[in-house]
Amino acid sequence: MKSLTEYLWFDTEKKKEIVHITETIRAIVAKSDVSEGFVLVSAMHITAAVYVNDLEDGLIEDIWEWLEGLAPYKSGYRHHMSGEDNGDAHLKNLIMHHQVLVPVTKGDLDLGPWQRIFYAEFDGQRRKRVVVKVLGE
Amino acid sequence: MKSLTEYLWFDTEKKKEIVHITETIRAIVAKSDVSEGFVLVSAMHITAAVYVNDLEDGLIEDIWEWLEGLAPYKSGYRHHMSGEDNGDAHLKNLIMHHQVLVPVTKGDLDLGPWQRIFYAEFDGQRRKRVVVKVLGE
Amino acid sequence: MKSLTEYLWFDTEKKKEIVHITETIRAIVAKSDVSEGFVLVSAMHITAAVYVNDLEDGLIEDIWEWLEGLAPYKSGYRHHMSGEDNGDAHLKNLIMHHQVLVPVTKGDLDLGPWQRIFYAEFDGQRRKRVVVKVLGE
Chain R
297 MKSLTEYLWF
307 DTEKKKEIVH
317 ITETIRAIVA
327 KSDVSEGFVL
337 VSAMHITAAV
347 YVNDLEDGLI
357 EDIWEWLEGL
367 APYKSGYRHH
377 MSGEDNGDAH
387 LKNLIMHHQV
397 LVPVTKGDLD
407 LGPWQRIFYA
417 EFDGQRRKRV
427 VVKVLGE
Chain L
297 MKSLTEYLWF
307 DTEKKKEIVH
317 ITETIRAIVA
327 KSDVSEGFVL
337 VSAMHITAAV
347 YVNDLEDGLI
357 EDIWEWLEGL
367 APYKSGYRHH
377 MSGEDNGDAH
387 LKNLIMHHQV
397 LVPVTKGDLD
407 LGPWQRIFYA
417 EFDGQRRKRV
427 VVKVLGE
Chain F
297 MKSLTEYLWF
307 DTEKKKEIVH
317 ITETIRAIVA
327 KSDVSEGFVL
337 VSAMHITAAV
347 YVNDLEDGLI
357 EDIWEWLEGL
367 APYKSGYRHH
377 MSGEDNGDAH
387 LKNLIMHHQV
397 LVPVTKGDLD
407 LGPWQRIFYA
417 EFDGQRRKRV
427 VVKVLGE
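Protein chains in written order, with our numbering: chain R, 297 to 433; chain L, 297 to 433; chain F, 297 to 433.
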């Protein structure tokens, strides 16, 4: 069995930002020399997500608007009594999830034709990490 | 380490449809000869989901109604400017997620008494795939 | 390859309750003697979730209020015609998901500084299980 663990650092310019990371993950899989296995891509923070969907600017704007409706930025979250103002970012993390598991087949990401991997930052402008772990043979 | 990768094809009659696939996944696990491991069941499209819940017709109707409330089919998604009309299907995919990882124990799916695996199609009537990958020993 | 499978039992005092389980999962990983791998933590019931987020009481109350808004407890679910009254618990399971996969690195959970693992019960006061499966080397 082979394994490789790498950490990606993000420090987004904006508070909320979506970053396309498919090619970064593909390069880590190539480096791992795993031909059959899984690669886990998992945010290490509770106010960010990792998801798979379409690389299309209109849709990305739709996702932001939709998320804001389901988990709005607002005052009034009890969590803010701890000194934070990011209650919405925690809820957005729960809806979008913090991780995906991508199959590795014949040494490459086994994704469908339109599937791309994204890091979604809900409380940025500071350094945050994603763990990428490849396991297989 | 053993691995087996198979692809399931779907071409649903209706635009939106839920298909029960537990027994199909169980047969792939049996074929893999893996006794301890994981099986990943992951939609390869960004307008479909794979989830685990109850095989009960009333609940399945409840899920549709609920999803339609949270991510409605409508005009007005920016994504539609790219020529598509399936913005809601992308958002339904994000809520329901495109994948589950099922533990394999003693050669079988290690599911609870009521857990069943489903493919949920949000933009069907065309050929789409799910990847099933078993990894273990 | 090494693997270890354990089952956690829950029987919560309240119908809806969130239980912090990070240290329980850490102990299972230690027992498995896996240094590089994955640990899957997955509810075996369709009215409960396993998630990763913050151990902060205010936020946990925010999560309950938010979930109740998105998937309310109410009469009128078609699922209730089967004799149940827990339609909301099924939908809460779908939003929050029933599982997380935690990377194991150097023999320990590879979590970020604020990430904690939780079991969320949506229809408790009876015995329910979570499967914990460690796989690696």
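By construction, these hints were calculated from the structure, which means they are not laboratory data.
There could be a bad hint or two in this list.
Treat identical chains as interchangeable: a pair holds within one or across any two.
Unchecked claim - Straight-line distance between alpha carbons at most 27 Å, and here's what the computed DSSO-like set of lysine-lysine pairs gives:
#1 Lys370 x Lys424
#2 Lys327 x Lys402
#3 Lys402 x Lys424
#4 Lys370 x Lys312
Hints, one by one, checked against the model:
{"no.": "1", "hint": "Lys370 x Lys424", "result": "within (23 Å within a copy, 36 Å between copies)"}
{"no.": "2", "hint": "Lys327 x Lys402", "result": "both (13 Å within a copy, 20 Å between copies)"}
{"no.": "3", "hint": "Lys402 x Lys424", "result": "between (31 Å within a copy, 21 Å between copies)"}
{"no.": "4", "hint": "Lys370 x Lys312", "result": "both (15 Å within a copy, 25 Å between copies)"}
In terms of the numbered hints stated before, the structure departs from none.
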